[in-house]
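Chemist: Each chain, written out:
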Amino acid sequence: MIECRNIHKSYGAIAVLKGISISVAQGETFALIGPNGAGKTTFFKVLTGETPANSGSILFKGEEISRLNASARVHRGFGRTFQVARILPGNTVLENLVIAVEARLRNQGHRSGFGLAPGREIVEEAASMARRTDLDDKLHQLASFLSHGDRKRLELGITLSLRPSVLMMDEPTAGMSPSDRRQTIDIILKLRAEEKLTILLTEHDMDVVFGLSDRIMVMNQGEPVAVGTIGEIRTNAAVREIYLGQDDHDA
Amino acid sequence: MQIGFAIFNGLTVGMSIFLVASGITLIFGMLRILNISHGSFFMIGAYLAYTIVGTEPDSVIGLAGGALAAALAMAVLGLVINVAVFRRLRDVGEAYSLIATFALLMVCNGLVKAVWGVNYHSVSAPEALAGAISYGGFFAPIYSIAIIGLGVLVFLVLEIVIHRSPVGKIVRAIAHDPWMSNLVGINTPLVYALVVMAAFFLAGLAGGLLLPNQSVTPQLFESYLLQSFMVVIIGGLGNIRGAFLGAIMLGMIEGLNFLFLPRLPGILIYVVLIGFLLWRPQGLFWQPGAQTSDQHEVMTGGVPSSFPPRATKTRIAIGVVLAAVVLSLPEWANQGLLFIVGFALAEAVLALSWNLLFGYAGLATFGHAAFFALGAYLVGFMLRDGGGVPFLVLLAASALVGAASALIVGFVALRRTSGIALGILTLSLGEILRRVINYTPELGSDDGLSGIPRPVVELGLFSVDLTSERAYFWFLAASCGLIALALWAYTLSRNGRILVTMRQDPTRAEFLGIDVRRHRLYAFVLSGAIASLTGGLYAPWAQIVTPDAASYLHSTQPMLNTLLGGSGFFWGPVVGSAIFSALGYATRTFAGLSELISGAVLILVVLAAPGGILGLGAKFGRLRRRRAPTAPDVPAMQRSAP
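In order, the protein sequence lines correspond to chains A and B.
Taking numbering that gives the first Met the number 0, I'd label the letters of the first sequence as residues 0 to 250.
Taking numbering that gives the first Met the number 0, I'd label the letters of the second sequence as residues 0 to 641.
Just so you know, these hints were derived from the structure itself, not from any lab.
As the structure is a prediction and not an experimental result, all values here were calculated from the model.
Just to be clear, a hint being listed does not mean it is correct.
Said to hold, decoys possible - Reference listing, derived: stretches of chain B covered by chain A, where coverage requires no fewer than 3 residues with Cβ under 8 angstroms from a Cβ of chain A: (1) 486 to 495; (2) 513 to 527.
Claimed, not checked - On the chain A side, residues computed to face chain B include the following (Cβ under 10 angstroms): (3) V15; (4) E27; (5) P51; (6) H74; (7) F77; (8) R85; (9) P88; (10) N90; (11) V97; (12) E101; (13) R105.
To be verified - Stretch by stretch, here's where chain B covers chain A in the computed footprint (C-beta under 8 angstroms, at least three residues): (14) 32 to 42; (15) 187 to 200; (16) 220 to 234.
Using N, Cα and C, we set each Cβ at its ideal position, and we do this for glycine too.
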């Protein structure tokens, strides 16, 4: 589904990505891990279109998308969540979701009717998304008053309202308490099954990575160290040395 | 030889400007506040020194002594302003702090007019400075040489203190990261206060020492304000070396302007400034941390609702009563009041169109009056000299011209700039337009277009005569009302929701599939079209249009109206416009009083109630409602908190 070849990216003189290639199949959950500064977030931004790569190609469903900006990639089926949730703090939970549903309809080319208010089916879809992300008791709360975990769930709901074919999550459980973390993994697992999502994620928490992913790529200093299934990564000597060995206390 | 003279004159101008610009850049470098009022404090310094030395300073010592006394007085004033205003501005967004310092400017100017009057004074140079030295064929006034020397001296002192002394290390540390500096034990509030005092001291000193070079009038602030702005923008905000180089550049450009475009004084610098902003928005020297537009900006003043409110009986009643009052005005109000209300209506719609950019799309522009002036001049000129083009066609044309020019400006400006750079860029474009009009005899130059006739609208089967004052008032009121309602509907539709999404989080908007740049451009075009159409409606009402319609002072009017009323509410700008018009009407006979009061009100609003009057109202309303809990109704789109 996503096919990246030989991505290079540097900020000024500093080379951050030194030739990354991956290929993610439909329905797969693919995790990027690596120590801080490995280039995970930059690689993510190159994939989502926030920052252009210096060279290399990105194919999405066979189409070359490396020159498209972020919103154009969203139109083609990308959904993205952030380390620090990006929501609309001045709107209520329900309004946030309504805006997302409307955005999807617009992306799909539906014209808005003559009415100003969002139609009933839009509001109902938004409310049902709130239920699926366990936010139905907070529909009319301003998003700025939500807790960190609720914000992350709202952002997930906003993103899924776009009905993306690939979901890109940058540290979906960063900064969460253990119980929030468990709940978030459960929601992701449930929604992944319901929507048949392809997922790309970065994460520091190994429980989350092993709980969600089919395949993992380990990065270090802008280069891939190993790619494989959980079992393969666990037994990879190079990975143990540069990553899991040092990072055990973190997990 | 003429070139040498132009360069020398340019240097003199440049160094005079540097004395003011260095203060602006000091304050920005420390507090991240672009102090628009600095030119006015310079003016107060000049008036103080003038009061001390009189029109005939007897010696250089006398002049310098007066300047020093003024400088010390200004330093004390700086301390007061720092405590009363600047310190509080760190908690508000960038656009709000710009507007607050603009309000300070109004207060200063009003104060000067109230205390010293509006008359013109001129001060002669003391004898020792009055002569000139000549070398070969070259001839230079001693006074100019003294100014250049002073500019270089001030630069050297600042350069040594900031870049080569232990004090400078502390100052630069705070400029780089105030939070960290505080953490390692630097008393940041004290350093802030000292820097502000130093900047004000320089403004006072410059005001005193530059006395003999110009006439002392309440307009003195203006040239220094705009030019010192350009200097700090070109040099890189907050950087003294940049300001010094920028001042020299400005002087040279003025010299070139004098040589090659003597008929359009002062226009070249704007062209260079715009080129600079597009090429290098951060200026010659990039100052770490100088980018001030951040997340904070987003929520100051609140986000307007983009979902249709429920049509309650109270709301409908308020609308009907207001419409009835305005439409019945010609029946009972006197002519003066009717005129003011007509102006207020046009200003209200202009402010609504500005707030579409500010409150909804999150773009602060400082040149909105330019669009208004385009429409006003187009319609005014065609009605007077155009020979029978139908009025409604002219109005449509004014909207189209506004849209087209906004498209061109927005396409370039939104691609390259944001935050302060966008503000200064739009301000410069407005000033260029004003100057071009000023130097175009066909448009009446300084005096403007007067004697604009009111039209008769032909509608095929019948015609509507709008030549009487009553008839045109009704037409104006109905048009403004319709435009406002249409714009309101736009903001409550899916398009409005796109706008508030972009304003709150452009990155999130992008990942909802919204092409942010394109939708910002749409908002820019719509806003420009409405502003220009409003100008077109206004011209036959006022029957005179002057270049002031395009001036930056007029551009600030929609901002003031919006902030006073509340930028987080669609109708906020209308409330603000009504209040400012009433203030202007009540204080019209006292020189300076209206500026003084408007400015003071505005500072209060920004510091104490950034949500504006409607924001205050909503707060009280919520407090009342909280006592009576209501059952939540799930599908209804209603917010439970601000």
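Chemist: Please verify the coverage claim for the stretch 187 to 200 of chain A: does it have three or more residues whose C-beta sits within 8 angstroms of some C-beta in chain B?
Modeler: Result for this restraint: violated, n = 0.
Chemist: Does E101 (chain A) pass the interface hint, meaning its C-beta sits closer than 10 angstroms to a C-beta of chain B?
Modeler: Result: holds, 5 angstroms to nearest chain B Cβ.
Chemist: Less than 10 angstroms between beta-carbons is the criterion; does E27 (chain A) satisfy it with respect to chain B?
Modeler: Where the cut-off is 10 angstroms and the nearest Cβ of chain B is about 21 angstroms from E27 (chain A), the hint is violated.
Chemist: Report holds or violated for the interface hint on F77 (chain A), using the least CB-CB distance to chain B and a cut-off of 10 angstroms.
Modeler: holds (8 angstroms)
Chemist: Given that the stretch 513 to 527 of chain B was listed as covered by chain A, double-check it with a C-beta distance under 8 angstroms for 3 or more residues.
Modeler: holds (count 3)
Chemist: Against chain B, is V15 (chain A) within 10 angstroms by beta-carbon distance?
Modeler: violated (20 angstroms)
Chemist: Answer holds if the nearest beta-carbon of chain B is closer than 10 angstroms to that of P88 (chain A); otherwise answer violated.
Modeler: holds (6 angstroms)
Chemist: Hint check: is the beta carbon of R85 (chain A) less than 10 angstroms from a beta carbon of chain B?
Modeler: holds (4 angstroms)
Chemist: Less than 10 angstroms between beta-carbons is the criterion; does H74 (chain A) satisfy it with respect to chain B?
Modeler: holds (5 angstroms)
Chemist: Hey, does the P51 (chain A) contact hint survive, CB to chain B under 10 angstroms?
Modeler: violated (14 angstroms)
Chemist: Do at least three Cβ atoms from the stretch 220 to 234 of chain A come closer than 8 angstroms to Cβ atoms of chain B?
Modeler: violated (count 0)
Chemist: May I ask you to test the interface hint for N90 (chain A) with respect to chain B, counting a Cβ-Cβ separation under 10 angstroms as satisfied?
Modeler: Holds - the Cβ of N90 (chain A) comes within 10 angstroms of chain B, reaching about 7 angstroms at its closest.
Going through the hint list in order, the structure does not satisfy hints 3, 4, 5, 14, 15, 16.
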